[in-house]
Structures are given as C-alpha cells and as structure tokens.
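Every number in this note's numbering is 80 more than the matching position in the sequence shown, counting from 1.
Hints in this document: simulated from the structure, not taken from any laboratory.
Built from N, CA and C at the ideal position, the CB exists for glycine as well.
Mixed in with the good hints, there may be bad ones.
[As the list claims (entries may be wrong)] Label-pair restraints from in silico Cβ distances:
hint	residue 1	residue 2	range
1	Asp151	Gln188	44 to 50 Å
2	Glu139	Glu183	27 to 33 Å
3	Asn156	Asp129	35 to 41 Å
4	Gln94	Glu139	40 to 46 Å
5	Asn137	Lys103	34 to 40 Å
6	Arg187	Arg98	22 to 28 Å
7	Glu87	Asp151	35 to 41 Å
8	Leu126	Asp180	31 to 37 Å
9	Met84	Asn137	32 to 38 Å
10	Ile150	Ser174	44 to 50 Å
11	Gln188	Glu133	29 to 35 Å
[Claimed, not checked] Below, simulated DSSO-like cross-link-like pairs (lysine-lysine); rule was C-alpha separation at most 30 Å, straight line:
hint	residue 1	residue 2
12	Lys181	Lys103
13	Lys88	Lys103
14	Lys114	Lys88
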Amino acid sequence: MVFMLFEKTLSCLQEALRAIEDKDIQRRCNANCKAQELIAHLSNTLDMDQGGEIAANLERLYTHCMIRLIDVDRHNSADAANEVIRLLTPLRDSWAALADKSEDDMRQAIMAVQQSQPRPQTQPVPHQRSHASTDENQNRPRPSGLSISA
81 MVFMLFEKTL SCLQEALRAI EDKDIQRRCN ANCKAQELIA HLSNTLDMDQ
131 GGEIAANLER LYTHCMIRLI DVDRHNSADA ANEVIRLLTP LRDSWAALAD
181 KSEDDMRQAI MAVQQSQPRP QTQPVPHQRS HASTDENQNR PRPSGLSISA
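My request is simple: use the sequences and hints to build the entire structure.
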C-alpha cells in the first residue's frame, strides 16, 4: 500500500512536470495538489510512538517535500518538482523491494506449510439411491414449488 502511494505521488509529479512544459496551469495545479494530498497522507499515517527516529526523519522529509510542492505552484517550478521526485524515488524503490521480499517470504512460508502437512486421503463417495428406486417413480414429474395460480 505504501509503495502504491509513493508510485501515485511520483506519477502526479511527472504529470505536473508535463503540464509545466505545456504551460497548462490548471493541469499542473491539479497534479501537484494530488501529490500534496498523497504526501500529507503518508505523513499523517506515521506512527511517531513506534517509528522513533525513522518516523521523525520521514516527517521532516515529508514537510520539506510539501514546502517544495508549494513552490511548484507559486513559481511554476520544475526544479522543485524534480527535487521532490529525487527525494521520493529511493523511498518508493525501497518499499518495492520490501514488498517483493515479503511476497517471496510469504510464498516460501506457504510452500513450507503445504509440504509439512499430510495430504488428506480422499475416498470415493458411494452412490446413494433415493427411496424412489423404481423406474416408475423416477420418471414421474416432480412439483417445482412454483405457484402458477392467479
């Protein structure tokens, strides 16, 4: 999930850069505002109690990014957007690597559990005959349970 937030933030910043190049102020503002919302969400979800120094450093980084994104809109600054991209890309890449490692670890754990558990023995289910065993009873129409009366 965190990886996807970083990925979307970087995508929005790339869109803001394209909008700056195209001189499309509204598109730049929309993309930049979305990037700001995503960074604010990342910052607001930091667990300062459990995260300790790492959470504090991330909070400072996110605050700096937010200030630079204000410069993107205030000064139409591609440099500010590029700086934020340079700061967030390594974090996105780290989360991607962690997600890949977690998936591999999960896959290995599942395989280990599957290999350690005995496979259940399956028995064929015996064919059971109903109480209506004569051909006459089997061919008789059965009520469907639908009422056709008006």
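Against the structure, the hints:
1. Asp151 - Gln188: 44 to 50 Å: holds (46 Å)
2. Glu139 - Glu183: 27 to 33 Å: holds (28 Å)
3. Asn156 - Asp129: 35 to 41 Å: holds (40 Å)
4. Gln94 - Glu139: 40 to 46 Å: Given about 25 Å between the Cβ atoms, the range is violated.
5. Asn137 - Lys103: 34 to 40 Å: Once the Cβ atoms are compared, 36 Å apart, the range 34 to 40 Å for Lys103 and Asn137 holds.
6. Arg187 - Arg98: 22 to 28 Å: violated (38 Å)
7. Glu87 - Asp151: 35 to 41 Å: Because 23 Å falls outside the window, the suggested range is violated.
8. Leu126 - Asp180: 31 to 37 Å: Since Leu126 and Asp180 have Cβ atoms about 23 Å apart, the given range 31 to 37 Å is violated.
9. Met84 - Asn137: 32 to 38 Å: Violated, at about 22 Å.
10. Ile150 - Ser174: 44 to 50 Å: violated (26 Å)
11. Gln188 - Glu133: 29 to 35 Å: holds (31 Å)
12. Lys181 - Lys103: violated (41 Å)
13. Lys88 - Lys103: holds (22 Å)
14. Lys114 - Lys88: Between Lys114 and Lys88 the Cα gap is close to 9 Å, so the pair holds against 30 Å.
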